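Next come the chains, spelled out residue by residue.
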Amino acid sequence: MWQFIVRSLEAATIFTLAGQGELVDQRAGVLNVGIEGVMLFGATLGFIAAKETGSYLVGFTVAILIGALLGLLHGFFSITLGVDQVVSGMGIWIAGFGLTTYIGSAYTGPLNMERLPTIGGLSIFVYIAIAVTVILWFVLFRTSLGLAIRSVGENPSVAEVSGINVQRVRYACTIFGSAMAGFAGGVYALSYNPVWNYNFIMGWGFIALALVFFSMWNPLFLFGGAVLFGLLWQISLNPQLVLPGLMSRYMWRTVPFLVTILVLVLISTEWFRTRWGAAKPEALGTPYFKE
Amino acid sequence: MSVAGYRIRLRRRTTLPGWEAALISILAVVVGLVLFSLIFVLAGVDPVAAYKNIFSYAYTNKYGLTLTLNRFVFLAFATLAFIVPYRAGLWNIGMTGQLYMGTLAAYAVVYAMGGKTSPKVPLNPYVVIPLMVMAAAAGGGLMGAIPGFLKGKLNVNEIVTTMMLNFVAFWWVAQMIKEGGPFMNPQGRGESFVLPYAAYAPVITSLGVPFTLILALVLAIGLDFVFARTKIGYQIRAFGRNPLAARYAGIDPFRIAVLVFVVGGAMAGLAGYHYFAAVPGVYKIARNYSYFGDLAFYGIICGLISQGSAIAALPVALLFGGLSVGGRFMQGKFHMKFGVDYALLGVLMITLVAFQFFYRYEVTLEKEEESLHVAVHR
Chain V
1 MWQFIVRSLE AATIFTLAGQ GELVDQRAGV LNVGIEGVML FGATLGFIAA
51 KETGSYLVGF TVAILIGALL GLLHGFFSIT LGVDQVVSGM GIWIAGFGLT
101 TYIGSAYTGP LNMERLPTIG GLSIFVYIAI AVTVILWFVL FRTSLGLAIR
151 SVGENPSVAE VSGINVQRVR YACTIFGSAM AGFAGGVYAL SYNPVWNYNF
201 IMGWGFIALA LVFFSMWNPL FLFGGAVLFG LLWQISLNPQ LVLPGLMSRY
251 MWRTVPFLVT ILVLVLISTE WFRTRWGAAK PEALGTPYFK E
Chain L
1001 MSVAGYRIRL RRRTTLPGWE AALISILAVV VGLVLFSLIF VLAGVDPVAA
1051 YKNIFSYAYT NKYGLTLTLN RFVFLAFATL AFIVPYRAGL WNIGMTGQLY
1101 MGTLAAYAVV YAMGGKTSPK VPLNPYVVIP LMVMAAAAGG GLMGAIPGFL
1151 KGKLNVNEIV TTMMLNFVAF WWVAQMIKEG GPFMNPQGRG ESFVLPYAAY
1201 APVITSLGVP FTLILALVLA IGLDFVFART KIGYQIRAFG RNPLAARYAG
1251 IDPFRIAVLV FVVGGAMAGL AGYHYFAAVP GVYKIARNYS YFGDLAFYGI
1301 ICGLISQGSA IAALPVALLF GGLSVGGRFM QGKFHMKFGV DYALLGVLMI
1351 TLVAFQFFYR YEVTLEKEEE SLHVAVHR
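Protein chains in written order, with the working numbering: chain V, 1 to 291; chain L, 1001 to 1378.
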C-alpha cells in the first residue's frame, strides 16, 4: 500500500510539473496544446542522454533544454509570427510524436541505471513539485512580476500602456512552461517509468492540459488535481488493490481518460461557472501585436 | 526591414486566392521533404537515391502501388474526418478512436450474425457488407457525437476530449479482442477472429483495392459540393470563420458542432472499415492495430495542407499515402531504424506550421530606389 502511495505521488509530480508550466504559459495568454509532444521530446532525449553518458544530471539538463527550445519555437510561431496557437501546438505534438518514435527506436527497453536516491521514501521530485507549486502561487499572486504576467494574459494592450513589454513576458512564460514540460518528461522517463517505448507518455500531456483548465489557473488547485489523477492512474494500473474484480484490467485503463472528460464537463456546467466565476485569462489564445 | 537595397514588406492578407494557397501548400511539402532528407543523410543514406526508391516503389512497383492506393483510401477518409469539423473551426484529433469504434461496430455485425464460428459461415454478402459499412459509419459517428455534443452544449475543449477518447477506444479494442473478449480469435493470439469469406469486400481486381476507393472519391466530391453549394455548408463555413457573427445570423452553434463531429466521426469509422475489414489479405483486427490508429494522424496534416478542401485532400492523401508506404520500404531496404514514416509525419507537420505564416501574410520585395522613384513622380 505504501508503495502504491509512493507511485501515485510520483505520477502526481509529473502532472504537476507539466501542468504548472502550462499554467504560467496560459496566464500570460499563450496556449500550448502541444505539451504532450514537448514531454515526449524531453523524455526521449533525456533518456538517450542519460543512457549514453550514465549521468542523470545530463539527462535532466537535456530534457529541460529541449523543452525550452521547443518553447522558443512555439513562441516564435505564435508570438512573433502570429500563427494560430492551436495549429502551432498541434504541430509540436505531432512533431514530437513522429520524431521521437524514430529517434528513440534504437533505445527501446529499460534504462538500466541505479535508481535515484529518495528522501523519506519519496522521490526527490515530489518535493520539487511541491516547492514549484508554492513558489508559483506566491509569484503569480503576491509579486509585481506575477501581476505583470496576469495582466499580459488579461489585457495585453493595457499592460503595454502601463510599461510592460508584452512580447518579452509572453516569450519568457512560454519558454518556462515548455521547459517545465520537458522536465516533466524527463522525470517520467528517468524516474517514474525508465523503460523507453514509442509514444510512452500515453496522453499525460493532454491530461495535464485538462488539469490546467480544471485548476481555474490556480497553482494550488492544480496540485490538488494532479494528486487525484496520480492516485487514479495508479488505481487503473493496480485495481486489485482497491476494488478487486469490478472490471477487467483493460476497462480500468480507460478510467483516468473518462474521468478527465467528466471533470471537464463538470467545470463547464452553468452550475459550476456561476459558483466559481470565470477565471480564464481573457486574452488566452489571441496573438498580440503592438499598434 | 530592408536587406541589400530591397525592402521586405509584410501585409496581413484579407483574401487568399485558391491558386496561391495551393502554391504555398506545395512549397510547404517540398521544403518538408528537403528537410526530411536530413534524416536520410544522418542515417548514411543518399537522399536522392532514397527519394527515387520511395517514389518508384510507391507509384510504379505493382505491390507498392496496391499498398499506396489502399493507404490512400484510408488517409482520404481520415482527412475528411479532420476537414469537416475543421471547416467549422473545430479540431477533431479523435479520428483514431472513431476509427476503432467504427471497426468494432463492423465486427459486431458479423459477430451478431454468427460469423465468428467458421470462415465458411454462409452469410448473404448483399446483406452483411452494407450492414458492416453502415455500422462502421454509425460507430465512428457516435464516437464523434460525444465531443461534438460536449462542445456544442458546454463548450468543453474538443482537443482534450477527442484525445482522451482515442485512449479509451484503444483499450476498448483490447478488451474486445484479447484475453477472452467476445471478438477474440479462437486460436487466441491476441487478435480478432478472421472475417468469414462471405464478408470479404468486393475488390477492384486490377488495382487490388476494395470498393471503398470509389466510396472515398464519391464522399470527397459530395462533401465539396455540400460546402460550396448548400445552405448547411455555408452555415458551417460561416461558423468556422466567425462563431459570434454566425450566432447573430441565427446559426445554431450546438447543431453545427454535433453535425460536423458526427459526419467527421463517420468518415473515420469508414477508414476503420477499410483497413480492418476490406483490404485484401487482412480481414482481422491485428495485434498491432495501434499502427493504423497512429497513421490516422496523417489526416490532420493532409487536412491542413489541403486547407480544408475535400477535393484538394485527395491528391494530398495520395502523396502522403505513397510517402508513408515508400518510407516503410526504405526502412527495410536500407536497414534504417523503425519509424521512418513517423519521422516524416513529424517533419512535415512542423514545416507546415511554419508555413501557416504565409497563409496569413503577404511578403513582398521592393527595390528601394524604385519606390523612391515612384514617390518623386507623385
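Be careful, since some hints might not be right.
Claimed, not checked - Straight-line distance between alpha carbons at most 25 Å, and here's what the computed DMTMM-like set of lysine to aspartate or glutamate pairs gives:
| no. | chain 1 | residue 1 | chain 2 | residue 2 |
| --- | --- | --- | --- | --- |
| 1 | L | 1337 | L | 1366 |
| 2 | V | 290 | L | 1362 |
| 3 | V | 280 | V | 84 |
| 4 | L | 1337 | V | 52 |
| 5 | L | 1153 | V | 282 |
| 6 | L | 1153 | V | 270 |
| 7 | L | 1337 | L | 1046 |
| 8 | L | 1153 | L | 1252 |
| 9 | L | 1333 | L | 1294 |
| 10 | V | 290 | V | 154 |
| 11 | V | 290 | V | 160 |
| 12 | L | 1333 | L | 1046 |
Since the hints were made in silico from the structure, they are not lab data. If you're wondering where the values come from, they're calculated on a predicted model, not measured in any experiment.
Results for each hint:
Pair hint residue 1337 of chain L plus residue 1366 of chain L does not hold up; C-alpha atoms about 47 Å apart against a cutoff of 25 Å. With a C-alpha separation of about 19 Å, the suggested pair residue 290 of chain V and residue 1362 of chain L falls inside the 25 Å cut-off, and the hint holds. Simply put, residue 280 of chain V and residue 84 of chain V have alpha-carbon atoms about 19 Å apart, close enough for the 25 Å limit, and the pair holds. With a C-alpha separation of about 18 Å, the suggested pair residue 1337 of chain L and residue 52 of chain V falls inside the 25 Å cut-off, and the hint holds.
Using a Cα cut-off of 25 Å, the hinted pair residue 1153 of chain L and residue 282 of chain V holds, with the two alpha carbons roughly 21 Å apart. In summary, the hint linking residue 1153 of chain L to residue 270 of chain V is supported, as the alpha carbons are separated by about 10 Å, within the 25 Å threshold. Taking the CA atoms of residue 1337 of chain L and residue 1046 of chain L, the gap is about 15 Å. The hint holds against a cut of 25 Å. A hinted pair counts as satisfied when its Cα atoms are at most 25 Å apart, and residue 1153 of chain L with residue 1252 of chain L qualifies at roughly 11 Å.
Restraint check: the Cα-Cα separation between residue 1333 of chain L and residue 1294 of chain L comes to about 23 Å, which is no more than 25 Å; the hinted pair holds. Restraint check for residue 290 of chain V and residue 154 of chain V: satisfied, since their Cα atoms lie roughly 15 Å apart, inside the 25 Å limit. For the suggested pair residue 290 of chain V and residue 160 of chain V, the alpha carbons sit about 8 Å apart, so the restraint of at most 25 Å is met. Annotation: proposed proximity of residue 1333 of chain L to residue 1046 of chain L holds, straight-line Cα distance about 13 Å (limit 25 Å).
Going through the hint list in order, the structure does not satisfy hint 1, though it satisfies all others.
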